[in-house]
Every structure is written in C-alpha cells, then in structure tokens.
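Starting from the structure of chain Z, add chain B where the hints point.
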Amino acid sequence: MCYIIITMNRQEKTRNFCIIAHIDHGKSTLADRLIEKTGTLAKRDMQNQLLDSMELEREKGITIKLTPTRMLYNFEGEEYQLNLIDTPGHVDFTYEVSRSLAACEGAILIVDASQGVEAQTLANAYLAIDNNLEILPVLNKIDLPSARPEEVKKEIEDVVGIPAMHAPCISAKDGTNIEQVLEMIIKEFPCPKGEENGKLKCLVFDSYYDNFKGAICLIRVFDGQVKAGDKIKMMQTGKTFEVTEVGIFVPNPKTTEILRAGDVGYIACSIKTIQDVAVGDTITNALDPCQLALPGYKKVQPVVFCGIFPVDGAKYQELKDALEKLKLNDASLQFEPEVSQALGFGFRCGFLGLLHLEIISERIEREFNLDIITTAPGVTLKVKKTDGQVLSLSNPSQLPNPVEIEYIEEPIVKASIFAPPQYVGAIMELCQDKRGVYKGLVYLDSQRVRVDYILPLSEIVYDFFDSLKSRTKGYASFDYEMAGYEKSDLVKVDILLNGEKCDALSIIVHKDKAYARGRNLTEKLKKIIPRQLFEVPIQAAIGNKIIARETVSAMRKDVLAKCYGGDITRKRKLLEKQKEGKKRMRKIGSVEIPSEAFMSILKLDDEDK
Amino acid sequence: MNSIYIHIPFCEQKCFYCAFASFDKQFDKVEKYFNALKKEIDTSPFKLKIGSIFIGGGTPSAVNPCFIEQILRSVREKFQVEKDAEITLEANPNSLDEKKLKKYFEMGINRLSIGVQSLDNRQLKTLGRLHNRKQVFKVLKTAKKAGYKNINCDLLLGLERQNFFQLKREINSLKKYVTHFSCYMLQVEEGSPLKVMVEKGKVKLPQDDKVAQQYHKLAKFLKKNGFEQYEISNFASNGWLCRHNLNYWSRGNYLGFGLGAHSFIDGTRWANSSSFDDYFIGKKAFTEQLDNKQIVEEIVMLGLRCCLGFRLSQLKKYGVKLEKNPYFNEFLEKGVLKAENGVIKINPDYYGVSNLVIEKLIDF
Chain Z
1 MCYIIITMNR
11 QEKTRNFCII
21 AHIDHGKSTL
31 ADRLIEKTGT
41 LAKRDMQNQL
51 LDSMELEREK
61 GITIKLTPTR
71 MLYNFEGEEY
81 QLNLIDTPGH
91 VDFTYEVSRS
101 LAACEGAILI
111 VDASQGVEAQ
121 TLANAYLAID
131 NNLEILPVLN
141 KIDLPSARPE
151 EVKKEIEDVV
161 GIPAMHAPCI
171 SAKDGTNIEQ
181 VLEMIIKEFP
191 CPKGEENGKL
201 KCLVFDSYYD
211 NFKGAICLIR
221 VFDGQVKAGD
231 KIKMMQTGKT
241 FEVTEVGIFV
251 PNPKTTEILR
261 AGDVGYIACS
271 IKTIQDVAVG
281 DTITNALDPC
291 QLALPGYKKV
301 QPVVFCGIFP
311 VDGAKYQELK
321 DALEKLKLND
331 ASLQFEPEVS
341 QALGFGFRCG
351 FLGLLHLEII
361 SERIEREFNL
371 DIITTAPGVT
381 LKVKKTDGQV
391 LSLSNPSQLP
401 NPVEIEYIEE
411 PIVKASIFAP
421 PQYVGAIMEL
431 CQDKRGVYKG
441 LVYLDSQRVR
451 VDYILPLSEI
461 VYDFFDSLKS
471 RTKGYASFDY
481 EMAGYEKSDL
491 VKVDILLNGE
501 KCDALSIIVH
511 KDKAYARGRN
521 LTEKLKKIIP
531 RQLFEVPIQA
541 AIGNKIIARE
551 TVSAMRKDVL
561 AKCYGGDITR
571 KRKLLEKQKE
581 GKKRMRKIGS
591 VEIPSEAFMS
601 ILKLDDEDK
Chain B
1 MNSIYIHIPF
11 CEQKCFYCAF
21 ASFDKQFDKV
31 EKYFNALKKE
41 IDTSPFKLKI
51 GSIFIGGGTP
61 SAVNPCFIEQ
71 ILRSVREKFQ
81 VEKDAEITLE
91 ANPNSLDEKK
101 LKKYFEMGIN
111 RLSIGVQSLD
121 NRQLKTLGRL
131 HNRKQVFKVL
141 KTAKKAGYKN
151 INCDLLLGLE
161 RQNFFQLKRE
171 INSLKKYVTH
181 FSCYMLQVEE
191 GSPLKVMVEK
201 GKVKLPQDDK
211 VAQQYHKLAK
221 FLKKNGFEQY
231 EISNFASNGW
241 LCRHNLNYWS
251 RGNYLGFGLG
261 AHSFIDGTRW
271 ANSSSFDDYF
281 IGKKAFTEQL
291 DNKQIVEEIV
301 MLGLRCCLGF
311 RLSQLKKYGV
321 KLEKNPYFNE
331 FLEKGVLKAE
341 NGVIKINPDY
351 YGVSNLVIEK
361 LIDF
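Chains as they are written, first to last, in our numbering: chain Z, 1 to 609; chain B, 1 to 364.
This is chain Z alone, in the form it adopts within the complex (with noise of 0.2 Å):
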C-alpha cells in the first residue's frame, strides 16, 4: 500500500508536455529559457535554440525535429519532473508535432504578442485539443513596443476557442515573467496517471541512429516500468530485443537505471535494421506483454514528390542507406527506386511539402555528404485512361499518351491564408492566377482578415509560398489541408535537348499555363546549359508540338595560350582540372547539362513573383 502512495506521488510530480506555436513565434527561445531556469544546464553549456540541435535548423531557425528534455524544478518545497518535448512549427511538418502531442498531457500554445493568432496558432491548437491536451496560452514577445496583449488574449478567445485572459505575458528573449509559466505548467497540466506495477506499454515518438548504439527509441512509458536486460517486443513488428540501455535527455542523453510509467527517455536495444523500428510502434515486455497496442499514428500521405539522384551514379547504394538513415526519423518520407533515361538509377521521393523536401535534400548533402540531383517537386495525379482504367502516377514521365487519356484528375486543397486586410486585393490576385477558386473573406479584427481558398496543390508547390511572402511583405501566413481530387486540363510539357527529349525535366501543368511555362524553362535552361562543341536547341513541347524553341550557341574557343617551353605538365594538369570540373554535368544524349539545371527550374524569374 505505502508503496502505491509513493508512486502515485511519483507521477503526481511529473509534467509531460510540448509548446506549439506558429513558426518564429518563439517557441525554441521559450524551450531555452525554461531550460536555463531549472538549471538543468549551466548557463555556460547554454547555447541559443539548445534544442534545434541540426547544424540545419539553427541555420533556417527552424525547429525540424522532436527533441525532448527533462528539467527538474522546485515548487512550493515539492519537487517536480518536467518533462518538455519540442515540436516544430512548420505547416510541413504537422506530423511530428500530432507525435509529440500523442506523448503528453499538455501544451503551451504560444502566440506572439503583436502578431496574434496565425495560420499554425490555430492548426496546432486543434490538433492539440483533438489529442485531448490541457492548453495553456502564453503570450510571446511582450517586450517589444508593438505588443498588444489584451487585443491578443482576445483573438485567441475568439479565434482558438481557449479560455485566455489569465494567460502569461513573458518575453522568452529577455526571461521576463518564465516562473509564472513554470508554476502554470505545475498547476494547471495534468500529471500522467499509468499504472506502475502495470504490463510495460510505450509510444515510440521518434527514433534516430546512433552509430555506437544502432537505433535508438525515443519513448514515453504509459504504463510499467523498464530497465536495461529486458526483453522487449515492437508489437507493430513483432521483433523482441534485449534493452542494453535506458536513459533520459538532460538534454544531452544521460544513462538511468529505469522509467517508469509516466516518464519520457530512450530505449536501446542494439537495433542494427533501421526498418525494425516503426515510430508510433507500442513497446512492451517481451515475457509479459500487454493486450493492446496504443493508437500509435496516423499514416502520413505525402503530398509533394521528386526524384532524388546520386550526381556520381556509382553512389546510388550510398543514396539510399542516407535515405533510410533519414526515414528512420521521420516516417514521413517515403521513397521508392526509379529509373530515368537522363539521370540513371534514383529514388522518386514524397514529402510533406516544399520545405520538407528543401530540408532532406539539403540533409542528405551536408549529413551524408553525398552530391544529389532533385528533378521538379510534383502531385499524385489520377488519370482515367480511355480503356477505364486508373493510374494513380506521381511521375509526369508515366504519364500515358493524350490519346489514351480520357480524364486526370488532380488533388487540391482548402486553403486559408491570414494577413491585414490591406493585402486582400493583393493575395485575391494572386490566388485567382493560380487556378484558385474563391471560397469566403472572414474579417477576424480589425487587424487581420482570413482568405479562404481553393487552390490546385501542384500550384502550391510551385512558388505559391514565395510568391505570398513577397505581394504580403512577409506578413500573410498560410494554411492548408488537403480536399480531394477534382478534374483538371493538364497536359505534359517536355524538354528536348537537341531533339532529345529529358525525361527528368518534363513537367506537368495546366492547359492554360503551358506556354507561358514552356517558354520560362526553355529560357532559364539557356542561361544554366553552358556553350558545348556544337550548337543545342533547346525545345519545349506538348506532345509533338513544340510550343517553346531557344539555343545554346556552339562554344567559338577555349584556350588559345601559349605552350611555351615544352612546358607540358602544366597543360596536361589543366585540362586534367578541366575534366574534373565537368564531373558534376549530366550528359543527356550528346549535351552536357550541370546538376543545377534540374532544380533551378523551379526557381522564380522575378517576372512570375
């Protein structure tokens, strides 16, 4: 009995819980201030946005992975386990933060004093209320001149729903007013209540690969308890394995000899196949196993695909252990082989969207210091074909004949974007030129209206994000979630090099867009494909009409210098410099084009902005 008591006061001291917030509302700042108030490190150890531990994020300020930290905090003489799991903000990665919010009992929904309620304020906050989360809102930024509290407090009352009047008013920057969300969490943020003498039961968050160790589970213990020597089982998998270590992130991962129900840390078991381990998976004692696995998640769909290809083809082998190295964190990518006339042996990948995919590619470079080509980021299409059947293709090289196509379909979504009523004209522009049909204008204050859309999604991830930023100054921020399928004139327009045609660089757009697209590549392609030996015409054609037509003249010279001396060495070097120089070009048919080409074709002229 006594021993209940002291167990259920155990968890009765613990806080599990996340920060939501919409993208540069101060999310990480908040996550660095508590993090340096509980002492949890020596603020010599502090470095700025501690948790974005990716050289990567830092850069982008962004918050890309889950990152979790326990601090431990004295209230009131009692001594309290918090336990903070980080989530990005992002519209890309919604996913991982449904994860981390399936991991606790809490969230601190930040929202910037002067900015107000954004897109992901209110995406992230339902999502958060659908996991059956306490919210408590806190408001950022309260330091600078243009805050205004109360009108905020309001919108999150009128907008989100949440009661927000009591809410705390801190600036995470300078640390004014951190206590009063450290004693909210406390008093406000259920505890965990799992059974501790219970069979063991634990959401797998996230994973990641540690060379030493193999894979390493990042876990929260719902009931149970675990230790290293136990025999553990995935239940999705069914693979058992001995756990060699438990341990909690401080936030640096730090050894313990158990967790129990209620607590948040990592499991190892000397996992060496990366596929063994399913995030959302339920892990639970091998010997005495529970009877239900937790809900675990929702299957992401991607929404955006490339492909994906090794600059040196002979690194297709190192391409794919970097992608699966890279799934094993992020269940959201998905990627399959393909194989391109132009480009040789890939990968077609799916993201979450445009920043996701920019953020893998870029990981896959930098990480795994591999050199990739990424072909244009397209939509799933479904195509009727005259003979009744469906493809479902997310490749515009499979794309069948006009002639055997009755109808393609393609996906799009609803959108809403925010901004301050001054920009309405501006962003209703720009949503009917991008096929969009208008949906609604909700007038939220005075300050801000909610444009509601729907728009083609191959039109989104074309420029749409960049192209809102620039006709909005950076203040429009945007929303949107997928709303089926819908018919849609679309016709393939490919690139011929020297009458060859690229595979790699067809693309498919609208009927009414083609020309004026054709003709954009055509011209960016002349800029990037530098002068060969011979002449090359570059065209753009639907089918066999060529709607587009430029030319890269032949190259007229080289290097005329004098070869003075007999001093050959220095010449054979050069050309030998020369030919390395040429490795990162891609020979289709007889041209040369740089590995650039192939993702500068989605780069904005600034005509289009």
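You may find that some hints are simply not true.
What the hints assert, rightly or not - The list that follows gives simulated cross-link-like pairs (lysine-lysine, DSBU-like), each with its CA atoms no further than 35 Å apart:
1. B:Lys175 x B:Lys223
2. B:Lys204 x Z:Lys527
3. Z:Lys501 x Z:Lys511
4. Z:Lys501 x Z:Lys439
5. Z:Lys239 x Z:Lys154
6. B:Lys125 x Z:Lys571
7. Z:Lys384 x Z:Lys154
8. Z:Lys524 x Z:Lys473
9. B:Lys47 x B:Lys141
10. Z:Lys582 x B:Lys125
11. B:Lys220 x Z:Lys582
12. B:Lys47 x Z:Lys587
13. B:Lys134 x B:Lys223
14. B:Lys334 x B:Lys224
15. B:Lys102 x Z:Lys579
16. B:Lys102 x Z:Lys573
17. B:Lys202 x Z:Lys571
18. B:Lys200 x Z:Lys573
19. B:Lys38 x Z:Lys582
20. Z:Lys315 x B:Lys145
21. B:Lys125 x B:Lys47
To be verified - Selected chain B positions facing chain Z (Cβ under 8 Å, derived; list incomplete):
22. Met1
23. Asn2
24. Tyr5
25. Glu199
26. Val203
27. Pro206
28. Asp208
29. Asp209
30. Thr287
31. Asp291
32. Val357
To be verified - Rough simulated footprint, nothing fancy, chain B against chain Z, three-plus residues with beta-carbon under 8 Å:
33. 230-237
34. 573-580
Note that these hints are calculated values from the structure, not bench results.
Note that the Cβ used here is the ideal one computed from N, Cα and C, for glycine as well.
For chain B alone, coordinates are given in the frame of chain Z:
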C-alpha cells in the same frame, strides 16, 4: 628527334601581360647566369644527337650576342648537333640591329622568331612593348639581307580596338618577309599589370566571342595566303613548320637548360626552378615519371592540338581503347575528328575548341 631549349630570362622591359619566367631588373645577374647555364650544359649526363635548338626567353636578343655565342659553343662541344639543325632565336624588334643579326647568323642561328605582336603603335604601347611599327619592317628587311630564310612573327589576338581588317592588313604587309606566323590570344594573367589596367577600366579588351570569330577568319585568311595551319596557334608557308615545336608535340626527347626550363627524356619530365637563387644551386622544380594514364592523356592532348594527330594503335599499347568512348565515335561522325589509316586527327575548324574535344576523349 632530340631538341634543346635554352632559356634567357632577361628583358629590357617586362611586357604588361607577361607571366613567364623573365625579369627586367636583373641585368647584374647576366654574367653569373651564363656561367651557371654553361655549367649546366657541360655537366649534363645525356648524350644526344640534336635536331633543333630553341633559344627563348625573356628576350635573348636583349643580352650581348657574345653570351649566346658562348652557350651555343658549349652545346656543340657537349652534344652532336646535326648539320641542318633548326636553330631558333627569339628576338624583339627594338633589340635587333644589323650587327647583331649578322653575328647570330654567323654563329649558326637560322631561324628568327620575332615578337611583333601588333603593328599598331598604340596597341604596342598598351602592351608595354618597346618597339614601333617602323622598327618591325626595318628589322625584317635587315634580317632578310643578312641571309635569314626562316622567320616567324608572333602576333597577338584580342587586343584593344583590334579588328579583323587590321589583322588582314598586318598579315598582308608582313607576309613577304616571313615563313611562319604564331598567333596567340592575349591572356589576362593573374598578377600582371594588364590585369590591373583591365580591372580599372583603362584597357577595354574585346569579348571572347568576337576574338574567337576573328581567329577563325584569320585562319582562313592565312590559308588563302599560303600559310597552312598546323597547330592551334601556328601557321607555316612552304613547309617551314617549326621542327622544334613539332618535337614537343610528338613527345620527342628534349633537354631544357636555364631558369624554369622543362625537359622530357624517355617518359620522365622535369623542370628547373624559376627562381635565380634556387637555379644557381641546381634545384629542380619537379620531376615526374608519367604513368600510363598520363601518357595517353599527353598523346591525345598533344596530337589533337596540331596536325600530327595520334595513332589508335599507340594508345592500345597503354591499354586504352578509344573506340569504346561514345564521344570518340560521335566526334568522328560529326567530322570533328578524322581517321586516316589509323591516325586520328582533328578537323582544323575545331583547333580553337580542341580542349573540349580532348577533355572528352581522355575521360577514362
């Protein structure tokens, strides 16, 4: 054939575009230098029959002809110089006079390579050359009188305000005196005064494309006038090809004496140091033994820069089958290369872009 190159690193004034091992403020070192040069020749471990000698620079005509005479004597004492050997001296119009020309002729020099560069006095000034148009013709006439039958003129392409008509006029006025033209494209070398002048906008050089166009027109024009192109930059009339250069390009043996001079004997290349102090103590800049891959690279590179071409069977010896290179077949098909009795040659129309062709062929 075996050749000898002798480097004379002294100039009255270094040209503004020059990046070679030559010096205009080191005349106090002339005597010491020629002593070192003589020693280097005298102690050479090689015994070769010599078919060509090239005395280059710098400006060999800038030093007292006695020094040249002494060096040639050393060479003849050490090596067996063939009776009809081609012996070239590089010279600048301003440092040549009748006396010197006669003296050179007497010591056996039978080919002059004159750094004319341009006949436009303003262009010459921009380049930092010390001569003018008038001097060029005076020197050429005097040389003819002195008995020289084989004379080359260096010309530069890509000069400020230069156009094809100017080049045409220059060729027309020079052609009766010379047997050979070397036409190089002006390169703006890193660290040269010309580079600074271009950066500051004091000199405006024509666009590459324009120069390339002039080059192609010039090649045609020279051909019409009896000067056959036999290398990227070289044109000869009546068979007066430069045997010394052909020996470089056919990978014959050669010994280089003097500052920064390169040698190539039986597959080994080496070079002397380009600093006086290091040269005086006999320091080498490098020595390299070519591997099979490098040998093939050289055969292709040198063969396709000139009229010699290369034999496919020669590459086979080093384990390279060019026929398997898709570019090779493409080039043959498109007429960039021609195959004649197993010899691969470049179409002279593609001399100007030979690096592009070569680079593709040595991709193994």
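Going down the list of hints, with the structure as the test:
At most 35 Å may separate the alpha-carbon atoms for a hinted pair to count; lysine 175 of chain B and lysine 223 of chain B meet this at roughly 12 Å. Between lysine 204 of chain B and lysine 527 of chain Z, the direct Cα distance comes to roughly 25 Å. Compliance with the 35 Å bound is thereby established for this hinted pair. Restraint check: the Cα-Cα separation between lysine 501 of chain Z and lysine 511 of chain Z comes to about 20 Å, which is no more than 35 Å; the hinted pair holds. At roughly 40 Å between alpha-carbon atoms, lysine 501 of chain Z and lysine 439 of chain Z are farther apart than 35 Å, so this suggested pair is violated.
With a C-alpha separation of about 51 Å, the suggested pair lysine 239 of chain Z and lysine 154 of chain Z falls outside the 35 Å cut-off, and the hint is violated. Note on lysine 125 of chain B and lysine 571 of chain Z: the hinted pairing holds, with a Cα-Cα distance of about 30 Å set against a maximum of 35 Å. Restraint check for lysine 384 of chain Z and lysine 154 of chain Z: the C-alpha separation of about 50 Å exceeds 35 Å, so the hint is violated. In summary, the hint linking lysine 524 of chain Z to lysine 473 of chain Z is supported, as the alpha carbons are separated by about 26 Å, within the 35 Å threshold.
Between lysine 47 of chain B and lysine 141 of chain B the alpha-carbon distance is near 38 Å, which puts this suggested pair outside the 35 Å criterion. A hinted pair counts as satisfied when its Cα atoms are at most 35 Å apart, and lysine 582 of chain Z with lysine 125 of chain B does not qualify at roughly 39 Å. A hinted pair counts as satisfied when its Cα atoms are at most 35 Å apart, and lysine 220 of chain B with lysine 582 of chain Z qualifies at roughly 32 Å. Of the supplied pair hints, the one linking lysine 47 of chain B and lysine 587 of chain Z is violated, its CA atoms being roughly 50 Å apart against a limit of 35 Å.
A C-alpha spacing of about 26 Å is found between lysine 134 of chain B and lysine 223 of chain B, which places the hinted pair at or below 35 Å, so the restraint holds. For the hint pairing lysine 334 of chain B with lysine 224 of chain B, the CA-to-CA distance comes to about 25 Å; that is within 35 Å, so the pair holds. For the hint pairing lysine 102 of chain B with lysine 579 of chain Z, the CA-to-CA distance comes to about 48 Å; that exceeds 35 Å, so the pair is violated. With a CA separation close to 41 Å, the supplied pair lysine 102 of chain B and lysine 573 of chain Z exceeds the 35 Å bound.
This hinted pair checks out: lysine 202 of chain B and lysine 571 of chain Z have alpha carbons roughly 31 Å apart, not beyond 35 Å. Restraint check: the Cα-Cα separation between lysine 200 of chain B and lysine 573 of chain Z comes to about 31 Å, which is no more than 35 Å; the hinted pair holds. The hinted pair formed by lysine 38 of chain B and lysine 582 of chain Z fails the criterion: a straight-line CA distance of about 45 Å is larger than 35 Å. Restraint check for lysine 315 of chain Z and lysine 145 of chain B: the C-alpha separation of about 69 Å exceeds 35 Å, so the hint is violated.
Annotation: proposed proximity of lysine 125 of chain B to lysine 47 of chain B is violated, straight-line Cα distance about 45 Å (limit 35 Å). A distance limit of 8 Å between C-beta atoms decides the matter here; for methionine 1 of chain B the minimum to chain Z is near 13 Å, and the interface restraint is violated. The closest approach between the C-beta of asparagine 2 of chain B and any C-beta of chain Z is roughly 12 Å, which is over the 8 Å cut-off, so the hint fails. With a least beta-carbon distance of about 6 Å to chain Z, the hint placing tyrosine 5 of chain B at the interface is held under the 8 Å criterion.
Against a cut-off of 8 Å between C-beta atoms, the interface hint on glutamate 199 of chain B is violated, since the closest Cβ of chain Z lies about 20 Å away. For valine 203 of chain B, the suggested interface contact is broken, since its CB lies about 19 Å from the closest CB of chain Z, more than 8 Å. Given the 8 Å rule on beta carbons, the hint for proline 206 of chain B is violated: about 12 Å separates it from the nearest Cβ of chain Z. Given the 8 Å rule on beta carbons, the hint for aspartate 208 of chain B holds: about 7 Å separates it from the nearest Cβ of chain Z.
Annotation: aspartate 209 of chain B was flagged as interfacial toward chain Z, and the flag holds, the nearest CB pair being 6 Å apart, inside 8 Å. Hint status for threonine 287 of chain B: violated, given a least beta-carbon distance of 10 Å to chain Z, over 8 Å. Residue-level restraint check for aspartate 291 of chain B is violated (minimum Cβ-Cβ distance to chain Z is 12 Å; threshold 8 Å). Interface hint at valine 357 of chain B: satisfied, since its Cβ lies 7 Å from the closest Cβ of chain Z, which is below the 8 Å cut-off.
Coverage of the stretch 230-237 of chain Z by chain B is violated in this model, with 0 residues showing a Cβ closer than 8 Å to a Cβ of that chain against a need of three. Coverage of the stretch 573-580 of chain Z by chain B holds [criterion: at least 3 residues with CB-CB distance below 8 Å; count 4].
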